[in-house]
Each structure stands twice: as C-alpha cells, then as structure tokens.
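Protein chains: 2
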Amino acid sequence: MKIKIKPGRMIELLPEESLLAALVRYQLPVPNVCNGKGTCGKCKVRITSGVSAPTQAELKHLSGQEIDEGIRLACAVKPQEGMEIELESGVTYDRKEAVLRNMMQTELNPGLEKILLRISAPSLADERGDWDRVVDEIAGKRPHASIHADLSLLEKLPQVLRTKNFKATVTLWENEVLDVEAGDTTQSIFGVALDIGTTSVAAALVDLKRGTVLKTVSSENGQTAYGADVISRISYANESPEQRRQLRDRVRETVNALVGKLTEAEGITADSIYTMTVVANTTMNHLFLGLDVSCLAVSPFVSASNSPLSFAAAELGIKINPRGKILLFPNIASFVGGDTVGAVVGAPEVLAEGTHLLIDLGTNCELFLKTSEAMYACSTAAGPAFEGAGITQGMRAKPGAIEGVAITDQGVEIEVIGEQAAVGICGSGLVEAIEQMKLAGIINKQGTIVDPAKNTALNAPLRERIRPGGKDGREFVLAFGGADGVDVVLNQKDIGELQLAKGAVCAGIKTLLSQAGLTLQDLDSVVLAGTFASYLNARSILEIGLVPDIAPERIRAVGNSAHVGAVRALLNHEEYKQAGLLAKEIKHIELGGNKTFTSFFMKSMYIERAS
Amino acid sequence: MKIKIKPGRMIELLPEESLLAALVRYQLPVPNVCNGKGTCGKCKVRITSGVSAPTQAELKHLSGQEIDEGIRLACAVKPQEGMEIELESGVTYDRKEAVLRNMMQTELNPGLEKILLRISAPSLADERGDWDRVVDEIAGKRPHASIHADLSLLEKLPQVLRTKNFKATVTLWENEVLDVEAGDTTQSIFGVALDIGTTSVAAALVDLKRGTVLKTVSSENGQTAYGADVISRISYANESPEQRRQLRDRVRETVNALVGKLTEAEGITADSIYTMTVVANTTMNHLFLGLDVSCLAVSPFVSASNSPLSFAAAELGIKINPRGKILLFPNIASFVGGDTVGAVVGAPEVLAEGTHLLIDLGTNCELFLKTSEAMYACSTAAGPAFEGAGITQGMRAKPGAIEGVAITDQGVEIEVIGEQAAVGICGSGLVEAIEQMKLAGIINKQGTIVDPAKNTALNAPLRERIRPGGKDGREFVLAFGGADGVDVVLNQKDIGELQLAKGAVCAGIKTLLSQAGLTLQDLDSVVLAGTFASYLNARSILEIGLVPDIAPERIRAVGNSAHVGAVRALLNHEEYKQAGLLAKEIKHIELGGNKTFTSFFMKSMYIERAS
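So the sequences go chain by chain: L and A.
Residue numbering for the first sequence follows our numbering, beginning at 3 and increasing consecutively.
Residue numbering for the second sequence follows our numbering, beginning at 3 and increasing consecutively.
Keep in mind the hints are simulated off the structure, nothing from the lab.
Incorrect hints may have been included.
Copies of the same chain look alike in the list, so a pair counts if it works inside one copy or between any two.
[Claimed, not checked] No more than 25 Å apart at the CA atoms, straight line, and that leaves these computed lysine-lysine pairs for BS3-like: (1) Lys456 - Lys586; (2) Lys166 - Lys473; (3) Lys143 - Lys586; (4) Lys586 - Lys158; (5) Lys6 - Lys447; (6) Lys8 - Lys44; (7) Lys495 - Lys579; (8) Lys217 - Lys39; (9) Lys4 - Lys166; (10) Lys217 - Lys44; (11) Lys605 - Lys46.
The structure displayed is predicted, hence computed values, not measured ones.
Let the sequences and hints guide you as you build the complete structure.
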C-alpha cells in the first residue's frame, strides 16, 4: 500500500504495518516517545486526503479542532490506499524524539561508565598523591582493575579535585580514565555515531545514559571538492602526502562541523561526548585516518588495514572529549568496507537462522550473504545509474525529479517531487519507468525500445511517445513539455545503463550464492539497505530482476542500516566487538576477473524477473 | 687501602678488593670486557708509583714496552698502599666497555622484543590488509596476543612493508607494535636510563640486545636558570601555567640534547631507542611531565601522582622513537621520589634478609630502612653543606678543592684536587677535616673550636692555626697561602653547618629505626648512595657520627644507585614492575613536626660516633 507524504514523497507500507512503523522505517521525522503503544500522543500527522474517523486513542490525545483539521496519530490511524499526509513541519529537522530509536533494540551497554567519587581529602596522615587517591577509590569499586590515564588528564587533576572538595565524577572506558570532572556529572554522557559516505557524512548524537538518539545531522563530505567518487579521491591522495593530508583534513572538518551542530542544538559540551563509532567504506576509512591508499585501487587491492581500529579523539583531531574513543568499524576488503559490516550489524535479521541476503545499494553496491554454513561479501560496480547519474536526463531525488511512473494503455502518469513540472528523472523513477515500459511492451526483455511502426499492438498514445532520438538511440517520452518546455525522455543508452547496473547487482548475487553452492531459490529473505533503496518500489525491482524473484513480503528495505549499525555499536559495545568478529569471518569474493561472475553478468542484463 | 688516581682523586679499596673492582665501584672509566677473569687484557692502567712485577696474566696481555712503562691490568695487579695510577686518557670519556655493567647483574628481559617477519606478499587470493598481515604474522609467533598500534605507525606501514619485499622487523612492547622497519633490524634495540636531578641530568645509553651500557653523558638541568633548588622551582611553576610549561620544556630540552649526544656518539638513530626509564625526585618528576605542583610544597604536601606512570615518547616530546615508552619510577611521597625507589632497585642488597639502611646523601637526604617486618622511608633536609655550599670557603669537588685532610701533631697535610694550590674545600674534604680536627682536639664534641690559649696540650703547630676569626667566630687554618695567597680556613659557623647537616641525617636514621621499634645496634648494613657519598672517607663519617657506628666493612658506598636502578629497570622490565610494588609498600614517615625526630636532632649534633 502506497501513501504519499507531501510535498512529494511516496512510501510503501508492508502488510499489517502501522503508519508510524513505516515512517520510522523510512527514517522520516515523526515524534515518537512510547513507540506505538498509543500512550504518548506525540506522533501526530496531518492527513490531507483519505482521513478516517478517529480511533479511541486519537480521541483521547487530540483536541476536537485537531481532529477536525485531519490531525491523527501515526500509530493509531488506519492506513488506506491513496492516503496523503503531511508531517508536522516543526519536526521536520527535529529528531529529538528518537527516530532511529526503534531500530535499535539492543542492550544499553556502551562500555563507558561514569562513577561519582567522594574522595577523602589529603592530610598529614594521608599523603597519597591526587591520582593515587582516584585510583584507590576506583579500585574500591572495581577490584582488580589496573587503572590508567593520559597525561592531559593528570595535568588538570589537582585543580579539578579541589573545585568541589574532592567530590568528582570519573568516566571510565575499560581500565582507562577518560575524564575527571568536578562534582556529579553522571547524567551527562554522550556518543556520536558517524557515517562517512563518499558523498555525505551523517552524525547521530546518542544519549548513552538513557539510550536514545537525540538528533541526527548530515552534510556534504568536504572531500567532494576533490572528486565525486572514491577512485578520484584515491588518485588525488596518491599524488603527494600533502594531498592525502588535505583530504584527511577536509573530512575531519566536516565531522567537526557536524559535532558542533549537534552540541549546539542539544546544549551539551563537546567534552561530554566520550565515544564515536564510525562506519565508512574502506577508502573513506583510510582517508579519514590519513592512511596510505596507494595500494587500494591497484590489483591485488590491498588496504593499509582492515582491522577494527580505535584512537583517542585528540590523535585524530576530532573535537569531542580529547581522550574520547573513536572506534572504526573493521573493513572486509578494499571495496567492501566498514559500512557493509555496519549494515549487517544494523540489520541483525540477516544473521538469523536460514539464508539471507543484504544488498547495500549505491554507486558501489555491496552484497552480503549469510547461509547456514558461512558468510560471504562482495562489491559490484553498479555505477551511478541508480542515483540518476549517467542517465541523459538523470538527476538526484530533489524537486523536479520524476520519482514515480505508471503506464497504462492511455498514456503515462508521473509523480514529480515537489509537485512541479518535471526536470529529469531520479533513480527510483528510472527503475519504475523501466518496469512499466517493460510491462507495457515499450521495451522487450533485451531492453530494446520497440519500433513503433512494427508494434501496432501498442496503443497509439504510447506509440506516439516513441521517437527516433539522436546518437543515443530511440527514446521514450515520459513527460511532454516539462520545466522550460523540455520533454523528459529515456533513450536507448539510458536503458542500457540501467541494464548494466542491475545486471552487475544480480550477477553479484548469483555469484555469491554459487560460491555457497546455492541458488536464488534458497534465499529466505532479502534486506535492501541504503537510504536510496527505501524509495524503490518493491514490485519494480522484482519485475526488472534487480533483486531475486521472491515473495515481496520477504524483501525488506531497512534504510541506512550502516548508520543504524554505528548507533547500535555505540549503545552496546558488544555489538562493536561482534563487528570485529564478523569482519574476520566474512569471506570476501572478488568479482573482478571472476569467470562465474562474467558468465552470470551476460544473462543478468535481460529485463525480466531473476530466478 | 688508599690509591691515588692522577691527576687528583683518591679511592679507597675494600679488603681483598681488586683495583678493577674498586675502579668500577667508583664509576671510574676503565675498559672492562671480561669483568675480572683476566682473559680480555683490556683493563690497562698506568702505574706511576708503587708498580710491582708483572703477573702471568699481565705478561700474556701486555707488550714488553707496556710493562716497562708501568702499564698493568687493573684486574691482575696487586694493589699497594701509596700506589699512584693514571687511567688511560683515551678512555676517560669513553665508557663504551660498560662501566656500569658490573653493577647490573640482572636478567636481560627488557619487555621489548624485535621479531623478524617474512610476510607473504598480497595477491588476489590473499587480499588481507597490510596491518592485518602483520598482526596475523605476530599472532602466529605469539598466540592470544591482541596486537595494536598507533596511527603514526599505520600511516607509514604500506611503504615500509614494500621496501624490502615484505621482510620487516617489528618491535613489540607487550601487545603494542612500537615500530615496523624494512628488513632485518633485530640487532638494533636500545634504551636510555635517565636520572633527572635538580642540578644535573644524566643519561645512559643501553644496548638492550646485548645488555650493556654503551655510554653515559650528563649536563646541567636546563631548569637551573629558574632556581637552584626544588622549592624555588615549585614557586616559579606556581606563578602561571606558562611558567610551569617553561620549566617542563627546559628539562625536556636538556634530555633531548643528552639523547642527541648519545645517538651521535654511538652512531645510532633516535628511532632505535624504544624505552627510557626515568628516576627523579617528585618535583623533577612532576616538572618533567608538566604536572601541577601547587600542592607539593604546602602542607599536607600532596603530589599530583605518585604512581609509576608511562607515556609514549611523542606525548612528552622526547626525541627517541615517537612510539617508544617513557617509564617513570613511582614516587613515595612529595619529598621522597622515584630517585629513592631507584636507589633501592639499584642496590638490591638493601632488600636482603635482615635490617638494612640506605642513605641517599645530597642537599635533600633520603633514608630508606628495610627490616624483617616492613619498609620505611623519609626525607631529611641535610642542607647544601655536603656539597660545599653554605661553607665560607666551600666549593664543589673540582680542581683547587681540598678533598683530603690529615692532621698530626706536626701540622696539617692536605690533598687538593688537581694537585694545585688550595682554593677552598669540598664536601668530602670538609667531613674529613672535621673528623681530624675532633681527633686532634681542635674541636670538642659540641663542635666548638677550642681556645688555643687555654688548650696548651695542643701542639704549637696546631695552636698557631687557630685564629680569632671574624663575625663567623674562631677559625682553623687548613692551608696557609692557598691560591692567590689566600688562606683556606674553617670557621665556627662552618662547623655548625656541618653539625646541622649530619644531625639531620643521623636523627632521621634514628627516627626511622624508632618507628620500626629498632635501634642503631640492629642494623646489619648501611648502603651509602649518591655520587658524592662515594668520595667520603668511611672512617671520617663514622667518627663524626654521620652514619651509625657499625663496622666499616658493613658500610658500602654504591655511587649513583638511583641511576643504576634506572638501568636495571631498563634491562629487566620485572625490576620496573617491582619498583611499583616497592613504592606502594614503603611507609613514608614525615619528619616535619615529628617530635621523635626533633628530640633525636638535638642529641645528634654532637661530633661523636652515633650509637
């Protein structure tokens, strides 16, 4: 069931799914305190079309005026086909009520501990040094620990202890004292989950005392000025150590700016952030650390390190508590990074009993397969078609982009983001267009746009939209007279780009399964990760064969599960440790030069269900 | 038995002691490879007076010409009273053959390990990251280790591994990889033992592969420009954080200059120095680290830390391997520092069964008592008299200083450093002069210079040397017409200074013993530590009551045993760990305001044997 989120977004509900659950799954901003119990009355949405009579819970929490205006609770309202809703504009950028929270059903065990110490003051009968006093006090509460600290902490210790007459709060990370603060600060303990993407960087501020996500912010990766993709960044970095440092510093500045936004918005100090978990692809991981990437992009594609590394924040110049811990997710291989490990940690259902596939869709598509025997991962170059790039009139998902296409005998209906004239087409629109064109007989399974003269079975309104086109071959008009009067079309080359992309993904899936001695029929479930994948129409991706042909309810889009993995690892340090074990166990399958893959690839370009 | 070392130094041999053993004990430069076995023929000395016929060993190792010139082997020559020797000038500043070595009979177990790895090169079938390759290879040789490294090492790793085709040497400190170098560098592994004194800093370069001390250098502590003693340094540091940093930076510069001298002299790289052990008093320890000293010198005298701290060299700005470990000895209290712990580690005989006392003699005198039940330590302000300061014509032990005094009925015989005209008197000369004056009846046990008019029993040549003096009271002439025709004298005030100094030491000893329920008679041995103490005449210090009245053979001077302790801790990491345990167990006795001490002090100023 599809529901439209105004101004221009479509979400698809799973069977039996509540509107609230779907909004959370799509990471859309909705206040959520009681998590669907119907007790808090916070998850208000405005229903502009298809509103139904209020339920008991709604009558209890909403005023008469609200009910008259179409305000309902996302947890309680009955979803209906064709429903259109508006999210409360005030919360669009305010995720204070923990959008991500529901996805994080993990124990609260961040590995950090704040302990209030009431230390006895020195006297001639008790001349122990200040640090020794702290150590003894901690040892009393934590026997057998061999406590240590960094010099910068010892430097300030005597003054801190004397500020509140030897009442002080220590923050412990394993046996290390990360900080000592005057008085009782045990309520204030935060972490940041960081997702460093090639294009953008996202940071979530997590309250580690309460186990809630307070706010998520994101911005463009400062490295984009040096090239859009990992290969161009690697080339730039390899030209000189100075350039490598430039890239390192740019992304660190991006991260520091995001941390600054979070602390400012929530009114906390940077010093009260003690941990940061980081998911990133291997290149972003290396460039963030400033590691040598010269062997990363040339065969045999070797990284400087795939291990789960950790550093003091000061060592990386990251402006949280200087002694805070930056924990990087381990990489699996040069092109299957910590983001893939994070995606698995963030979608733990793929580790359940049975055979499960995770597809992290992006320019570089990573695949993860878990069978009852083993785990496999690979990376397949889907190219930028899914993001609208490389397509003649392709564009990112922003106002003016066609994001939905429905073709009937009578013509073409399009949905445009922002409800304006069409400017181009984004990835989700492209996938739906191709599916619809195939179903309507405008293209055949080879992807060829049919000759309108020879296909008289095709209704006239559709035939009229097929034109000879230019050097990129025959074209199909999705929208006549779009913005500035320009038609939006898909041409033969565009379709070829999509075929290459989906072929690479599909062949990768088959190769992984073949490696495990399995076939598509053995899959119990498919998890689609990546923000982009949340916008895809399940029917379309099945129809064009981007994902294996299994029942739609066994396909689940989980949004940016890599970032969710980072949050989970922050909330529960055991999840971070598990990431290290996972990365060691996952067998990487190199598709470059892999004959199985090449052979599957040829067959996977057909536009048909994959089975 | 006394032997003169030209140009102007006297050493005293213990019964049955060889000349070589005595030279080593006094830390005089003598080449020593076989350590007295008579097999290497290296310990040549030139005997200018009292030479005897060559022994078998000497005939074997020396040429006829050498024998004719009086060259003998220090291990084989029979020592004789009145013998005078010259050390080979070529070795005066060359301790390459390990002067300290003999004092360091500890297991070679520095906690550091260099392992040569022959790592398999990457291939498409083996895409592990570079760091993962290193970790796996180490894990193969060291099961169960969870290996980690600093970012600066990971940064350079890919290039280092590829320099010698994946043959590389790792340096391990516990589970940390301190460095990875191309090729086989397993032979090159060094440490520095550092003694940061208030006045001077000494550094010994130790070959941790072979267990030998290669060279020792020293220089003035760069902080002396900011005050001569710890109290003035503390005051300066407390005026502002900037001034505290100044003091920190000055002493670090001194240390770095010494390290530079060592590496240059031995032709090694600073990067091949992986550990540094540091003995220092508590103030020097804190100022070297840059810690807050504002509570150190005011009651109740609390340090920022007494714990055995360790840091990466880069964190302290010390120019050895940046990831090398700087290990500071623990302090016991604010005025009993890591140097006292070092002195105990460097003279392990004080920890043997029985009751033993260690006296570390200097401006601040630290005492350590070990009984069959417990360990105690205290600090007693001896003042600068032992170093010649505060004495009217006092001076440091350098050419022109009277360092030996013998008084007979006929007059006074003096020994002057450098065999020149007397300029003044140094500490060892002062102690011997007072002893001789007491024995000759020139002063009584109260320390008063007798009235020559009333003491006709005194021979005329001595009586003539007693003069009324000026404001500082009656004086005794040690040398008529010294340098520039000035007489060198000791006056009543000078004697009083020495009485205060020796009284403070003696009372401290009695207080410690009293704390343990013991008396002077219970002592099995006394160890005199501190370079200065090596120059003192055992008979004199017994006679004036500076040390308890026990048989002279139970008193042993061990030189700068704090520095020896630092070397031992470098050679054997277990000794460093033991230092940490020692410091925790030693009970500190505060003498300030201690009534037992005050009462002993009054009685301890008499110039008489202490019993």
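Here is how each hint holds up against the structure:
1. Lys456 - Lys586: neither (57 Å within a copy, 96 Å between copies)
2. Lys166 - Lys473: neither (77 Å within a copy, 53 Å between copies)
3. Lys143 - Lys586: Classified as between: cross-chain Cα gap 19 Å, same-chain 35 Å, threshold 25 Å.
4. Lys586 - Lys158: between (40 Å within a copy, 23 Å between copies)
5. Lys6 - Lys447: neither (31 Å within a copy, 107 Å between copies)
6. Lys8 - Lys44: For Lys8 and Lys44, the Cα distance is within 25 Å only inside one copy (19 Å; across copies 94 Å).
7. Lys495 - Lys579: neither (46 Å within a copy, 72 Å between copies)
8. Lys217 - Lys39: Cα proximity of Lys217 and Lys39: one copy only (22 Å, versus 76 Å across).
9. Lys4 - Lys166: neither (59 Å within a copy, 61 Å between copies)
10. Lys217 - Lys44: Classified as within; 17 Å inside a copy, 75 Å across copies.
11. Lys605 - Lys46: neither (48 Å within a copy, 89 Å between copies)
This entry does not satisfy hints 1, 2, 5, 7, 9 and 11, going by the numbered hints stated previously.
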